[in-house]
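J.: What follows is the residue order along each chain.
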Amino acid sequence: MRRSLWQRLPLGLVLLSCLWFWACGEARLPFVGTYKTAEPVANKGHIELVLKDNGEADWNWVDENRSAKLKWRVQDGRVWLYFKEGVILIGTPLDGNKHLAVDISGEWHEGCPVDKCINFTRVK
Amino acid sequence: MAAAEKTTAGGPAVPAGTPAAACPIALTICEIGVEKTFAKGTLIVRQGDLPDNFYVIRQGRVKIFRLSPEGIRTDLTELGAGSYFGELAIVTGQPRTASVEAAEDTVLTEISREEFDRLLDDNPPLARQIIKQLSEWLVGADKRLEQETVHQVKVREVSWFDFILIGGLSIVFALIFNFYNDNQIPLIQGWGRAETIKEITLQEALAKYQAGELIVIDARKDSFFQQKHIKGAENFQVVFFDLMVPMFQFRLEQRQATPETPILIYGGTLSRRFDLDLAHALKDLGYENVMVLAGDYTAWEKAFPVEEKPAKPPMPMEFGLVGLLEWIPVSIFVLILIPPVRRSPYLAIFCRVLLGVIFIQFALSKIMRPAVFALNVVEYQMMPAWGVNLWALILPWGELVAGLFLILGIRTRTAAIFIGGMNVIFMVGLVNAILNQYPINCGCVGEVGEPVNWWKVLKNAGMLLMAVQIYFYDRLFVLDRGGFIWRERKI
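The listed protein sequences correspond, in order, to chains A and B. In this text, residue positions in the first sequence follow my numbering: the first is 1, and each later residue adds one. In this text, residue positions in the second sequence follow my numbering: the first is 1, and each later residue adds one.
For reference, chain A alone in the conformation it holds in the complex (with noise of 0.2 Å):
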């Protein structure tokens, strides 16, 4: 039996498609909103989370007048942050997402360590 490439072409479309979407992360929806340090970090202030609807972020260091832009997505329920050097920062949402624990080893930990921890609050 003889089938074509194009006959074929759907079924290695799909097969994409859904691979594709499954590489994808969860709904951002429930996280979307400004965080705000609980306390200065450093000795320099606060710093602002603002994670957007479109899947990019801003770090802000509010006092210092200083800003970074990060890509954010949805995995297992926690908060992956994506740097531009290839680093990622794991946010936990604690109390029912009122904060974001957010681990800045750039490994993957079960929770927040917390001498790697910069605790979050949402503010809007």
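I should point out that these hints are in silico values taken from the structure, not numbers from a laboratory. Be a bit skeptical, because a hint or two may be false.
Taking lysine-lysine and the PhoX-like style, the derived pairs with C-alpha atoms no more than 25 Å apart in a straight line are [to be verified]:
| no. | chain 1 | residue 1 | chain 2 | residue 2 |
| --- | --- | --- | --- | --- |
| 1 | B | Lys198 | B | Lys231 |
| 2 | A | Lys116 | B | Lys231 |
| 3 | A | Lys124 | A | Lys36 |
| 4 | B | Lys231 | B | Lys302 |
| 5 | B | Lys228 | A | Lys116 |
| 6 | B | Lys283 | A | Lys44 |
| 7 | B | Lys208 | B | Lys231 |
| 8 | A | Lys52 | A | Lys36 |
| 9 | A | Lys36 | A | Lys116 |
| 10 | A | Lys124 | A | Lys98 |
| 11 | B | Lys63 | B | Lys132 |
| 12 | A | Lys84 | A | Lys71 |
| 13 | A | Lys84 | B | Lys283 |
| 14 | B | Lys231 | B | Lys312 |
| 15 | B | Lys312 | A | Lys116 |
| 16 | A | Lys69 | B | Lys283 |
| 17 | A | Lys98 | A | Lys44 |
| 18 | B | Lys309 | A | Lys116 |
From the derived model, a few chain B residues whose C-beta atoms are all more than 12 Å from chain A [unchecked claim]:
| no. | residue |
| --- | --- |
| 19 | Glu104 |
| 20 | Leu187 |
| 21 | Ile188 |
| 22 | Gly212 |
| 23 | Glu301 |
| 24 | Pro305 |
| 25 | Ile349 |
| 26 | Gln381 |
| 27 | Ile417 |
| 28 | Val428 |
| 29 | Val457 |
For glycine and all other residues, C-beta sits at the position ideal for the given N, C-alpha and C.
Go by the hints and put chain B onto chain A.
T.: Leaving out everything else, chain B in the frame of chain A:
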């Protein structure tokens, strides 16, 4: 049955569909046999039946076809009025080699075996015509057999074109995708940057360090710093620089650093000059007296007093279905021990699908965010800095293209070589990382949470064996002659 339309010998070629005119006088066929009429679609001769009769088409058309044991029908030809069929089986006494059905309402002259023999005895021109016809078939069959053998050898051959095809597609897709990707990375990290950073020899640096004239900063990732660093050094992970600048400034202020304070930065590797990157960043902040080690910038480990801790691998993260899929290649070691299974083309199909799915998943976990994978590549410390980003961009597309080729049956042997080659490279990287105790993520399935260990090497060895099995025994469901077909690929 001939592939070409046949006409009765000795008379003029009769156009197909000529009503009952086809009765060559010289052959006197019309004088013998029984006239029979078949409605359109009626099976006149069945493939495999024992032959009793020879047929001349008086009116109408017939289709001649073969059915494979799997039920696959191959239409051989159509014959019209004046043509004949059934002579091959009558002459050889073998079962019918093809089936014949009426393509439209058809009138035939059915001639029995005895009548056919008599006809040949009485009609030498017809006998010669049939011998000629059979000889032509024989020669034609030999040519087709040769063509088929040559074709099958070519199908199984691995050509340079296949490598260029897979490699070329991967490169083209990678470059185009990176151009439009929001998470785009430069093709070569630090390309064209003017080096204005002061270099200092190891001996000078050590003398200043011992005199307490230097602030020493390690620019590597925290896990490497924790494992081993110069005693008293600070750790400013350059990959976090833009995120943590104020924090770094605060720590420098705590060390009473001024713009003129000498700051030695180290931590460069073959794959990325972290030291130079951080030096440039601090210089931009106003710290003018930053310097890096000249010559062998990795020699600090032997020259300076260091603080060491055992390597702490990343915490393992659950990878669900993909993590489980990755274990299946390990079972291949058991299957390979059973010779009939080892040679089975069905095992090759299984290996193709599994390897294809695994490699497509590998690819999808890296394609969207090449910077994450590039950092992984850097951590292995095997790729020269100029090649890191190119490798991080192209490899995932190579995995995707080769994986899709395996699943869809396109140039499977070449795809298997590609994937086997990648497995070898991965194993070399993993073994190197294990022996050097690098505290790094594998970067195989996920982005983080994937420690490097011997299990990973074993899984890759399993996948390599699967690729070898595909190379030697893959035969079924391959792309052939412009289409995908189910068939045995035998020589």
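J.: Hey, lysine 124 (chain A) versus lysine 98 (chain A), does the alpha-carbon distance stay inside 25 Å?
T.: Distance ~10 Å between lysine 124 (chain A) and lysine 98 (chain A) Cα, so the pair holds.
J.: Between the alpha carbons of lysine 69 (chain A) and lysine 283 (chain B), is the straight-line distance 25 Å or under?
T.: Holds, because 22 Å separates the two Cα atoms, which is no more than 25 Å.
J.: Would you check the hint for lysine 116 (chain A) and lysine 231 (chain B), treating anything up to 25 Å between C-alpha atoms as holding?
T.: Within the cut-off at roughly 21 Å; holds.
J.: Beyond 12 Å from every chain A Cβ: check whether that's true for isoleucine 188 (chain B).
T.: Nearest chain A Cβ is 15 Å from isoleucine 188 (chain B), so the label holds.
J.: Beyond 12 Å from every Cβ of chain A: is that where the Cβ of proline 305 (chain B) lies?
T.: Proline 305 (chain B) is indeed farther than 12 Å from all Cβ atoms of chain A, at 24 Å.
J.: When you check the alpha-carbon spacing of lysine 84 (chain A) and lysine 283 (chain B), does it fall within 25 Å?
T.: Given pair lysine 84 (chain A), lysine 283 (chain B) holds - Cα atoms ~21 Å apart, limit 25 Å.
J.: Would the pair lysine 36 (chain A) and lysine 116 (chain A) pass a check requiring their Cα atoms to be no farther apart than 25 Å?
T.: holds (17 Å)
J.: In terms of Cβ atoms, is chain A entirely out of 12 Å range of isoleucine 349 (chain B)?
T.: holds (15 Å)
J.: Lysine 208 (chain B) and lysine 231 (chain B) were given as a pair; does the straight-line alpha-carbon distance stay at or below 25 Å?
T.: holds (14 Å)
J.: Is valine 457 (chain B) truly not at the interface, in the sense that its beta carbon sits beyond 12 Å from all beta carbons of chain A?
T.: holds (21 Å)
J.: For a C-alpha distance cap of 25 Å, please report whether lysine 98 (chain A) and lysine 44 (chain A) respect it.
T.: holds (24 Å)
J.: Compare the distance between the alpha carbons of lysine 283 (chain B) and lysine 44 (chain A) with 25 Å, and conclude whether the hinted pair is satisfied.
T.: holds (20 Å)
Violated hints for the displayed structure: none, as all numbered hints are satisfied.
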